[in-house]
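Q: Next come the chains, spelled out residue by residue.
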Amino acid sequence: MQKYDVIIIGGACAGLSAALYTARRALKTIVLTRDIGGQAAITTEIENYPGTGSILGPELMNKFKDQAENAGAEIKLTQITSIRKEGDEYIVTDGTDEYQAPALILAFGLTHRVLSVPGEKELTGRGVAYCATCDGPLFKNKIVAVVGGGNSALEAVDYLSDLCQKVYMFVRGDKFRADETEMLEQVQNKANVEIRFNTSITEIVGEKKVEKVKLNDNSELELNGVFVEIGYTTQTDFLQNLVALDERGQIIVDQQGKTLTPGVFAAGDVTNTPFKQAVISAGDGAKAALSASRYVKNLKGLADKPDWNR
Amino acid sequence: MELNDQNFEQEVLKYTEGPVLVDFYAAWCGPCKMQGPIVEALAEELKSGKSRAFKVNVDSSPETTAKYEIMSIPTLIIFRNGEVKEVLMGLNNANVLKEKLEKYQ
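Sequence order for the protein chains is A and B. Here my numbering is used: the first residue of the first sequence is 1, the next is one more, and so on. Here my numbering is used: the first residue of the second sequence is 1, the next is one more, and so on.
For reference, chain B alone in the conformation it holds in the complex (with noise of 0.2 Å):
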């Protein structure tokens, strides 16, 4: 599922069940093309636990983009209780996204 500058906060902030994956991607990134799929799977699989997973546009999301300060993407964010635990860069497969999650249940 895609979010927004406007339900960023409901869905990811104030998301207390479990850990939040965010994939910021671009429509113009190459890796980003790769990484989406690995995500949108990921979060097709979560969604019978408590993790989530979400792809934030950071064309269309300026304002989240700006805050958590993106300047390169494919990043990842995982998110607990509204915090940033973890950032990714790059391509990451769904093991070690998922392996990730694990540690912030």
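Looking at chain A on its own, in the form it has when it is part of the complex (with noise of 0.2 Å):
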């Protein structure tokens, strides 16, 4: 068992900057997540960050991960598997370890929308891909389809044909719901482009890879990459014990980040702030951090000291 201060669970806008706020109030942080800065790493140009110009994504969020260990916060990529309560701490752990701490942020994000078809997680890495600029460029010349009628699924369907020999976008209803007209028009008039509407993928097929999907009118079709692009959910059910969550599995924080439970935080998109911005999650984990200071120094007796005296 590895005993904390605070365990902050999610690496990336909203984490690391509570993780650098706890650190610089000599608290002992860690910082549990799967990867490195979320969807702000997978963004490629960020233009409105304040105060850093225009930035790639993962070059801002190397930054925030520098800063944030600079300040002594420990940062383990893992996968945390469940959080329990014993007395006055949580003990979260990833299978693996343990960890221990009385006060926790979550501030883990959103998670990609999955198309829940058979074949899909199986394949997944292997001609199944959730993130067009991350992977695009290994389908050069190849055939793909990009599912969803969103900005997202259209900007990647933009992408994807200045590399793709072939690209199919399937959308679920009769329209777009995308709102970039002149992209829409942009990729309407290109030639590798084929739009299908009222169409979804019924089942993924492929041994190793992808191979083929099967369509909703029954066809199929041979192809060798799929992109899913229909959005962001939460990934709050094993929470459900925890802390509230609303309808939409957000978890409810009030003006300071705290949950309804004592001792549990938490910042960024996993919450039920209405904007999911990069600057609203950094500012959202830095009022958490606070927080979650002044709540574990009341329980150790100590002075929550402001972080002007540093």
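Check each hint, because a few of them may be wrong.
[Said to hold, decoys possible] Straight-line alpha carbon distances no greater than 25 Å define the calculated PhoX-like cross-link-like pairs of lysine-lysine that follow: (1) B:Lys67 / A:Lys166; (2) A:Lys85 / A:Lys258; (3) A:Lys76 / B:Lys103.
[Stated by the list, open to error] So the derived label-pair ranges between C-beta atoms look like this: (4) A:Thr181 / B:Glu44: 50 to 56 Å; (5) B:Val87 / A:Ala303: 51 to 57 Å; (6) B:Glu17 / A:Leu260: 53 to 59 Å.
To be clear, the hints were calculated from the coordinates, so they are not data collected in a lab. We treat Cβ as the ideally placed atom computed from N, Cα and C, and that holds for glycine.
Both chains are sitting in their own frames, so use the hints and assemble them into the complex.
A: Dropping the structure here:
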């Protein structure tokens, strides 16, 4: 069992900002996360993070990581499997190790939505992908499909059509949900793009890699890749007995980043904040960290010194 | 150390002293920028033992990338006596990689 003052789950804008703040308050801090930078790290260019100008997503998130580590926070790449409470302490496990702390900050953001069709899970990373800019170049001159009718789907089609031999776009409804009219036109005019409305995948087939898909009209289509671009969702089912969630599965927090459970704080996209933005997540992370710091120091009977003394 | 289509066979497939970890990456891949330093540090650490760790840039080594059907990066493959023993996708920390390598000593 490894003991900390604060355990932060999630290592992107909210989690790493929170880590910077708790570490600077001399709280022993660990960040448990399956990746660094989350959605921001797979964003090519970030143009609305104040103070940095236009910056590449991974570059900005590396700065977040370095700053949190330099302040003294420990970061561990891992996937947590459960959280339980014993007395005043929370115990987080990742299947191998256990971590204990009186305060938790939940900041693990959103997870890409999946199709939930046979073959999808088995072939993920073997032709099924969820990020066109991350994996697209590995499909040069191949035949791929993009699933979705929103802006991110459209951007994926636009990007992939410059690399791939052919790009199908499967839209479930009878029209686009995308509002980027300029890109819509651009995509529709590309010779190697074929848009199919009222179309959804019912099965992804392949032995070792994606070979074909079955569609809702019972037809089959041979292709090499499927890019799923149908948005993001919360993955908070495992927290049901720990914190209050809203109807969309988002963690309910107050203005100070507190959940309804003492000692549990949350920040960023995983919460019921109405705006999912890097700068907002960073601010919320700092807020939750200051609340957590106050909570831990009260519990230990220490004075919570303000940040400006350092 | 970085491998390419020319020396991959010699350094990975023909190496029989222990398991070899290969990190397939690209300059345009965000998570690879996090994985890279982990693998580089591991490669340094392994030097004294029999396991090895290398990086392969998917853009400059198209043959190797195609041969192992890399369709998502970072992908980490553990080889032993030229055979693929394990394929890991996404970011992995040094401890996980070390544990996996130990399995194939």
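Q: Looking back at the hints listed earlier, which ones does the structure fail to meet?
A: none
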